[in-house]
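> Hey, can you piece these two chains together into the complex? The hints should help.
In order, the protein sequences belong to chains X and W. When the first sequence is numbered by this note's numbering, its final residue is 509 and no position is left out of the sequence of numbers. When the second sequence is numbered by this note's numbering, its final residue is 332 and no position is left out of the sequence of numbers.
Treat the hints with care, since some could be wrong.
[What the hints assert, rightly or not] Dumping the calculated DSS-like pairs for lysine-lysine here, alpha-carbon to alpha-carbon at most 30 Å:
id: 1; chain 1: W; residue 1: Lys-203; chain 2: X; residue 2: Lys-375
id: 2; chain 1: X; residue 1: Lys-401; chain 2: W; residue 2: Lys-122
id: 3; chain 1: X; residue 1: Lys-354; chain 2: W; residue 2: Lys-203
id: 4; chain 1: W; residue 1: Lys-177; chain 2: W; residue 2: Lys-163
id: 5; chain 1: W; residue 1: Lys-177; chain 2: X; residue 2: Lys-354
id: 6; chain 1: X; residue 1: Lys-401; chain 2: X; residue 2: Lys-292
id: 7; chain 1: X; residue 1: Lys-123; chain 2: X; residue 2: Lys-208
[Stated by the list, open to error] Simulated coverage check for chain X against chain W, where a stretch passes if three residues somewhere in it have a Cβ under 8 Å from a Cβ of chain W:
id: 8; region: 59-66
id: 9; region: 128-135
id: 10; region: 454-466
If you're looking for bench data, these hints aren't it; they were derived computationally from the structure. Heads up, the beta-carbon is just placed ideally off N, CA and C, and yes, glycines get one too.
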Amino acid sequence: MKKDVTGKNGCLLQMQHICKDFSGAQVLTDVNLFDLNAGEVHILAGENGAGKSTLIKILAGVHTDYAGSINIGSKPVKFSSIHEAAAAGISVIHQELSLVPTMDVAENIFLGREKSRYQWLAKKEMNKLACELLDRLGLNIDVSRNVEDYPLSTQQMIEICKALAFDCRIIVMDEPTSALTDVEVEKLFSIIAKLKQNGCGIIYITHKMEEIYRIADRITVLRDGRCIGTAKTSELDQSKLIQWMVGRELNQQFPRHRSKNGSVVLKVKDFSVADPAGKTMPAVSSVSFSVKKGEILGIAGLQGSGNSELLNGLFGTYGRNVQGNIELDGRSYNPKTPSNAISSGLSLLTNNRKTTGLVLGMNIVHNTTLAALKKYSSAGWLRPSKELETAQRHSRSLNLKSAGLSMRVDSLSGGNQQKVAIAKWVETEPKVFLLDEPTRGVDIGAKHDIYELMNKWTANGIAIVLITSEMPELLAMSDRIIVMHRGRITAEFTTDQASQEKILRAAMG
Amino acid sequence: MLKKAAKFSNSWLTSPVTRALGALTIIFVIGLIFNANGAFFKWGTHRDMLRAVSVYGILACGMTLVIIAGGIDLSVGSILALTAVCFSLFTIHKGFNAFVAIIACLCIGTLCGVCSGAFIAKFRIQPFIATLAMMVFARGVAKWISGGQKISTAVQQADGTYKYVDVTAIFNLINSKIFSDNITVVTMIFFLCLLVSWVLLVKLRYGRYVYAIGGNEEASRLSGVPVATTKILAYGMSGLFCAIAGICQAAQELQGDPEAGIAYELSAIAMVVIGGTNLQGGRGSIWLTVIGVLTIGYVEKILSINAVGEDKRLMLTGAIVMSAVLLQKTRK
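Bound-form chain W, shown alone (with noise of 0.2 Å):
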């Protein structure tokens, strides 16, 4: 009986989501200790890391169902820029119906994440390379529509002179704050996307089919699992979730810029593995990258409230994202 109580707990210290809050509570703890003159102990501090990490967070999600696939999505940085620009495009220069605009820019992002994605299941193409390629080739993408300029709200004239237009409604609702100036509309977006990636990976038969082609692909196979169908909708998932991320990021800037997301991908991904997620596939959840998202967030918010230079904390989270990683090791 004793024996069978020692093991359960032993199971539960060992189980993923207990490692991910373990880091997580550390980072917490050490937020009470330095909290800036009480600033930590302010909802609104809270409330601006949510802010802070909500882009993330929802590049996360995609990501989080690629790398369950056994995959790895490299393209989500250039894509997010890519619909950023686009949406700043569409709505401030020229004008377009913003429900249009939006259905407009997640059809661009779920066209470039299933373009890598039929690269990688019809040609066999290793996901780093093809979504490398779709990274490159995105940021050009970018590029060329925007001339290589910000999209914002000075808008170049015919005579070369720049003429300032109003913010259209959009930008002003998705970045505005609800429930009392209590939490943002970007954090309600990202949570959204949660339930979405939630209900996809553990309500949906495709969820199933996901784990099972990371867990093992030839076994899945020869179940009769449509390995091709299935990762092609998950990296089209993941260019559907950096689209949403392009336009709110557009929003939080009140532009378009063709050079934002750069090094996005590294930061989605640690986000994942922090969690816990395992990079081999067929492993991890959704909550997991919660944790890993907050985990991160609380890093860089304590080092900002507390006054750290930019040069100490990129080394800080540097190692903070080792141990974390480090942490969950040693326990198993």
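Here chain X stands alone, though its shape is the one from the complex (with noise of 0.2 Å):
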């Protein structure tokens, strides 16, 4: 018994008009015409931070206050939580998966809506039932092993057994294939045929551009939480999706000041890094670069494509499951602690300051000096005056607003915690500083205040490697750009050869 829900011209859903904001910054803005017919893939592209998970997620019912409306068949719905939303027959399959692995595969497929007789699991029934859906997928496992068992794409098959089983229509795929090898991404293309042709609609998110050309039947593209279009893929060629996708104008200044360059501080040379998740695929495998003294070296690259596992690597954070040459100011060097990086004069800004960042119940002080209490301590003993000096000295210099040095950073903005985040690192005088995503979740204001930080650096003979997903800011803060795809190098440019395209290109591979 399939649940009807399709409307009129095999429309399953529709999306109108849909904003979204969180705490005053807009992510999506009058985001329209997302509309998905059965039987089709809908492939939905943009840069990181483009708004697509949003989207994805005011659909799956994890965000409840947006504005706009939705429609699912000819119906307007809204939902108010995820089990409405599955209810309605929208399932996401996120990039992590959302199964019990401790489970065996048929309790995992109809978890929460177990078949029963009086209350007495119907075991069998379910165990059935099972087979039948992963049959239907082509699929021969044995549905009374624990799902952990399985290899990490058998688990992605049992997450879409698990939306049949819901009768789901409207199917999400959150970049299904990341995790994938070539030989289970053909499995996941056959299985997505079949749903096709059972009538379900598929919305894909794939930042990798051979994919998007195979299986794709319209695409839609948002730019900075707007949509900018949707065609039908015969009528999109690659150069035009990519205009669509990174076409936005350059409207920030980026007072980039190029300094003289030194003598090389870094040379890595194969460097490789196993996957941090375990997986087979490696996150980094044998890159080599190097950086020379007050020079920005730009990594680019989405989402998976390493290059954040590279800096981590660097930085010793997986400790010694890291292969591969780096030589650090003339000496030899190889990561094996944090703490061992930074006394060679490395320095890691993390991408992510509220979880790796900072500690968010100590003040403002305790937080600037923890990477290099030593110095503010002899024999053990804390000495507050010195550290509190520094703070000052150091809040003025990063220009931070604050009520006072001893309040706790999780009251500061967004931006002054970044700013409390690169105090604490500047204290510890790396030769190299290692920056992942500087500047996200930061205010304008804030962001010009670290550019002139890095020219300040770079000024002084500092090198600076560089993640960004903001195009623009990669662009004008760069000297030199590498592009990142799956692990591996694949494109090198100097600023003046690089253009937004181009870098694209070579991260889709």
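Right, here's the structure in full:
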């Protein structure tokens, strides 16, 4: 028994005038036209931060306070929870799967909707039904084994099965191939073809160009929270698609003053990082590059490209799960632990100040001195007056706005939190400063301050390796850019050669 | 201007110290009302209360350290029993020099703590599990060393008869009162432990690391904080405080009881939590623990001077503990 959710002309879903803001920051502005027909694959494309996942979260009932209307079939709906969205036939398959690893396949497929007779679980019936569903996808596995026993690709199939068991007609796949091998990807595509035959509509998010042109029927592009357009795949060639994705004007001022490059300070050869989550594909595979004193090297790459893992690997975040030859300031350097990296002259501003950057419950002073605390204590005894002096100095030079330095950092705004994290690393006096998304979630004023700081550091001979998903920032601030895709370097440009189109093409493989 | 003043008083009202003091004050006022014919107005009552909570308080010092570092230590009661047994054995039966016996016991306690800490930091075993294992193990060692018997002044001879020996001087010293009988030595030891904890947590670089790890372990690690060493030391300190408490306990009871200290870990945790130190770590202070210790101490003292039966005493203590914690939540 299929739920009849098909509206006129086979239209499954329409989203109109969707607006959404997070505490004042507009994330989606009047996203329109996004509709999905039965039996089609509709690609949702756009750069990081374009608003794709926010749109999906609205559809899935995760974000419930939005403006605009959603129609399923021809019926308007407004979901107040994930469960309501699921009941309406929407299933979202995330990069992080929502299976219970310690329960078996059949139990997972029917989780929350167990078949039962007088409260007794009908285990046999569920196993049989699960087998049938998996058969439909051409998957022949033992349904009474735990999900964790199967490889990630199979787990993804199980998740799709779960969607089928719930009679979901609208299936959202958020970068489903990012963890799959080529063979597994082929399998997924054949399943997508079967789903299309069954009349399901699929919203598919990907950063990979070849996938878009293999499976898409139609493409919608989002940029800066706006819908740029929807087109049939045959009518939208690759260069036009890229233009749609990046075509924003450089409306920000990037005050990069290039400084004279000195000698090479960091030289990385054949550097590899095993996947931190334990997947077989390495996160970074034999990457080589070098950075000179006073230079800003930009590393471009979309999500899953391994650029962030590269910086973390160099900094020793993953311990010894890395390989390669590194020369730091003329000496051989081996990443072991972060504390070892810091004393060797590396600093890493992590891409998430809340989880890995700051101790939110501590105050500004204590966060500022945390990484260089040995300087502020003699024989283990802290010297609070010296700490305060330092924090005051940084507070002035970084233009930090706070009600007082004894404020806890979780009460600061994003930009000011980032400045505290920066102050902490400046205190360690690095030779090479690794910056992972230094301006993420930071307001324009603070961004400008951070750019000026980067100029100051390079003028003082510090080398900077910069990751940013904001293309204009990358182009304007970097002296040289390397592009990564699936753990490898796919292109290298000087700033004069580089353009958004070229970088994106290389980043999509 | 007015707004600023209001904000100031508001933040003062909601500060954890104020909230903890509020609970203590309420208990104290209850004591003034139900003063058991003036018994509550005598210093001796307060001195005895302090003496009664001192052993728990010493355990709570170590517990505070561990909890702020984001962990928990369930083994404190067992380590207390182990060191109490060892101390009695060394001094009464083996006739060790008191100083040597104390040092040996402190080492044993610290070693137990360092062991749990090493398993937690190096093998990433959950603190609850690692210290639970240590709790069982240390109890076993205490029973093995003592042969399951209380180690007291009645020493069994080779022929099976018992001979009573004199209590060693160190027992009498620890168990005595000083400053014209106004305070007990055990309480002074508790105060000394508080001072040491305060120095560790506030004055030393080590303390900063403890707060940082409890607040955000990953960010601390990425800032070069020696996470493993700091954690191991925190459990080691907890073990050291257990040993101090064990020595005091032995002196007070004039024996080393391998069954001593059962459920003491729960009292120590309750004292820390009532003070307002968060079980999630990264927050709290030793002074909050002092307030927690006094709160529980007064609850028990007030109930006992009013001759409330043990059944009702336990029920009331449970209810009061819950109210004190609730008070802190709702004020937030």
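> Find the hints from earlier in the document that the structure breaks and name them by number, from lowest to highest.
Those not satisfied are hints 2, 5, 6, 7, 8, 9 and 10.
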